[in-house]
Structures are given as structure tokens and as C-alpha cells.
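Undergrad: My request is simple: use the sequences and hints to build the entire structure.
These protein sequences, in sequence, are chains B and Y. Under the working numbering, the first residue of the first sequence carries the number 6, and numbering increases by one thereafter. Under the working numbering, the first residue of the second sequence carries the number 17, and numbering increases by one thereafter.
A hint or two may mislead.
In the BS3-like style, the derived pairs of lysine-lysine whose C-alpha atoms are separated by at most 25 Å in a straight line are [said to hold, decoys possible]:
{"no.": "1", "chain 1": "B", "residue 1": "Lys71", "chain 2": "Y", "residue 2": "Lys43"}
{"no.": "2", "chain 1": "Y", "residue 1": "Lys30", "chain 2": "Y", "residue 2": "Lys47"}
{"no.": "3", "chain 1": "Y", "residue 1": "Lys73", "chain 2": "Y", "residue 2": "Lys47"}
{"no.": "4", "chain 1": "Y", "residue 1": "Lys48", "chain 2": "B", "residue 2": "Lys60"}
{"no.": "5", "chain 1": "B", "residue 1": "Lys59", "chain 2": "Y", "residue 2": "Lys19"}
{"no.": "6", "chain 1": "Y", "residue 1": "Lys47", "chain 2": "B", "residue 2": "Lys28"}
{"no.": "7", "chain 1": "B", "residue 1": "Lys16", "chain 2": "B", "residue 2": "Lys185"}
{"no.": "8", "chain 1": "Y", "residue 1": "Lys47", "chain 2": "B", "residue 2": "Lys59"}
{"no.": "9", "chain 1": "B", "residue 1": "Lys102", "chain 2": "Y", "residue 2": "Lys48"}
{"no.": "10", "chain 1": "Y", "residue 1": "Lys48", "chain 2": "B", "residue 2": "Lys30"}
{"no.": "11", "chain 1": "Y", "residue 1": "Lys73", "chain 2": "Y", "residue 2": "Lys30"}
{"no.": "12", "chain 1": "Y", "residue 1": "Lys47", "chain 2": "B", "residue 2": "Lys72"}
{"no.": "13", "chain 1": "Y", "residue 1": "Lys73", "chain 2": "B", "residue 2": "Lys59"}
{"no.": "14", "chain 1": "B", "residue 1": "Lys102", "chain 2": "B", "residue 2": "Lys16"}
{"no.": "15", "chain 1": "Y", "residue 1": "Lys47", "chain 2": "B", "residue 2": "Lys40"}
{"no.": "16", "chain 1": "Y", "residue 1": "Lys40", "chain 2": "B", "residue 2": "Lys71"}
{"no.": "17", "chain 1": "Y", "residue 1": "Lys19", "chain 2": "Y", "residue 2": "Lys64"}
{"no.": "18", "chain 1": "B", "residue 1": "Lys61", "chain 2": "Y", "residue 2": "Lys43"}
{"no.": "19", "chain 1": "B", "residue 1": "Lys149", "chain 2": "B", "residue 2": "Lys124"}
{"no.": "20", "chain 1": "B", "residue 1": "Lys61", "chain 2": "Y", "residue 2": "Lys40"}
Simulated from the structure, these hints should not be mistaken for laboratory data. Being a predicted model, the structure only gives us computed values, none of them experimental.
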Amino acid sequence: MKKDIFKVAGKVLKSRLIVGTGKYKSFYETAKAVKASGAAMVTVAVRRVNILDKKKPILTDYLNPKKIIYLPNTAGCFNSEEALRTLRLAREMGGWKLVKLEVLGDKKTLYPNMIETIKSTKTLVKEGFKVMVYCTDDPLLAKKLEDNGASAIMPLASPIGSGLGLQNKVNISLIIKQSKVPVIVDAGIGTPSDATIAMELGCEGVLVNSAIANAKKPILMAQAFKDAVYSGRNSFLAGRMEQNYFAIPSSPSKGLI
Amino acid sequence: MAKIQLNGKKVSIKSNYSIFDLLKRYKLSNKKVAIEHNGIIIPRTNYKKKFLKSNDKVEIVTFIGGG
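TA: Now the structure itself:
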């Protein structure tokens with residue numbers, strides 16, 4: 006069998022689970038959970054340094070960007086200008102060209118503003134960025150992103166941080182079928198079984214943050230997600246059985262006494 | 017003496033103070049940070065050459081946890 010390789014923008018990732026680093030109680034817990042998840046890539050946000058506390062540790066003290074791929078995001082940006090500013094700063098910080106773009110449209114739902122998202126994708130691609138794009142689960146808009154040079158399509162399962170799981174399997178499947186770049190479900194995953202379902206549909210990967218960070222035992226949950234994504238991928242590769250409306254006996258009827 | 021706006025806060029600095037000096041003061045010389053000076057990103061190689069003057073706006077950013 007051909008080796009199953011996960012590649013995004015030319016980078017080979019040893020895990021199909023990408024994890025966020027927000028919402029943890031401490032950097033120590035973040036680092037432990039990331040390790041337990043087996044993730045090779047983590048998302049990070051760009052924010053002001055706390056200048057009032059010179060001794061305060063920063064994320065890079067706990068998660069070495071030389072050992073794990075940092076994927077800078079634009080969380081909290083509500084227009085193209087803010088998103089571009091953030092990613093240009095991220096690139097200056099460490100030469101990051103592979104980035105996650107998210108341009109939000111509404112504070113209550115954190116739903117992506119796709120008009121600004123498409124505009125930003127175009128500009129970033131022109132500037133040499135490799136852009137993984139958080140988007141709605143609309144197949145037409147997903148296609149538009151791919152046509153504009155997105156390196157990965159990242160449709161939401163449900164609103165960010167909601168834990169509601171995959172709400173529109175049909176749309177996610179349509180996006181998977183039409184895309185030539187990896188489709189990674191981002192946002193809304195609530196449990197490892199949600200991640201398994203996404204992988205069984207044929208997603209190339211999943212991105213999880215809140216479901217791990219907000220679990221009662223985040224490190225154990227990180228491990229559960231690792232297994233779930235692995236199982237889901239294997240299930241997809243194995244190919245599920247056909248569904249039937251009526252029973253088909255598992256034991257042979259021949260030789261029945 | 018000059019007063020600059022650093023990460024939204026008023027900060028006093030000596031004259032002939034460079035971005036390099038500023039980073040040193042906040043113990044950030046060896047940390048992964050990026051600098052924006054009056055809205056323009058300053059490449060690492062220019063930190064020693066870029067001097068600050070009164071009313072300059074400086075942003076020092078880094079990576080934090082995020083999803």
C-alpha cells in the first residue's frame with residue numbers, strides 16, 4: 006500500500022491533527038497537551054508583548070518553533086487590512102510564510118467574512134504567502150479560494166468554540182470532492198468522535214483547540230483526539246461498507262440445523 | 017528625553033535611543049518579536065539603525081496562544 010502522507014503547501018506533517026494553543030490554564034499545560042496530541046503544527050495568535058512585566062514568559066519559551074510548525078493566525082481581525090498587517094508582522098518575526106487566514110464578519114457568531122477573506126487571500130498569495138484559509142462551508146466560495154491560490158481550505162464544522170460538531174456533512178463532502186488542495190475542518194469540533202466523522206468523510210486533517218483546552222482533563226483529551234483522527238483516517242482509507250435498508254445475516258444460512 | 021507610545025502606553029526614553037536599545041530594555045533582544053514603527057514594519061537588520069523620536073508609535077508583538 007502507498008504510504009499515507011499529509012502534505013500542506015509542500016510541507017509534510019506527521020499528524021493530521023493540528024491544534025490551537027489558546028485557552029489553556031498555563032503554558033505548561035499548553036505544551037503538555039500539544040505533546041499528547043502528537044500534532045506537528047500548532048496555530049498561534051499575534052499580540053502585543055506585555056511591556057509591564059519583563060519577566061513574564063512567552064509561548065515560544067514553552068513550545069519551540071524549531072521543533073513544531075507555528076501557524077500564525079489572524080484571529081480577532083475583522084477586515085482585510087488588519088489581517089494583512091498581522092501576517093506581515095508574523096512573517097517578520099520568524100520568516101513564516103505558511104499562515105492561517107481568518108477574517109471574521111460578526112462578533113457573536115465569529116462567522117467568516119468571505120468577501121474580505123477572498124480579497125486578503127489574493128493579496129497574500131501575491132506577496133508570496135502560503136495561505137490556509139478559514140472559511141464558510143459554501144462549496145462555491147471554497148472553490149473561489151482555491152482558484153485564488155489558497156494552500157488549504159478550512160471550512161468550519163460549526164461556530165468557533167461552540168463545540169457543536171459537524172453541522173453540514175453534505176457541504177463538507179462537496180468541498181472535499183471538488184478540492185485539489187487539502188480540506189481541513191476548522192472550528193466547532195466538540196468531541197473526538199466529531200473529528201473521526203470529519204476524517205471519515207475524507208478531510209485531510211482537522212484543527213482543534215477549545216475541545217481540548219476546555220476539557221476537564223485537557224492532556225487526556227489531546228490523546229483522545231490523536232487516536233480519533235488516526236482512526237478516522239484509517240476508516241476513510243479502508244472504505245466503509247455499503248449501507249442497506251434491510252438486514253443481511255452475518256452467519257451463513259448453508260448448513261443450518 | 018523623548019516620549020513615545022509603546023504598545024499603547026506612554027514611555028519615556030533617552031535621546032538617541034534605537035529600537036535595538038528599546039528591545040534590550042524590555043529583555044526582548046533574544047525573543048521572537050516583530051516591530052512596527054509608525055505603522056511600518058522594521059526588518060531585524062535595521063533595529064540598530066532606527067532611532068526613536070518624540071510621539072513615535074511603536075508596537076512590539078509576539079506569538080501568544082490562539083486557535
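Undergrad: Under the constraints set out in the numbered hints, which ones does this structure not fulfil?
TA: none
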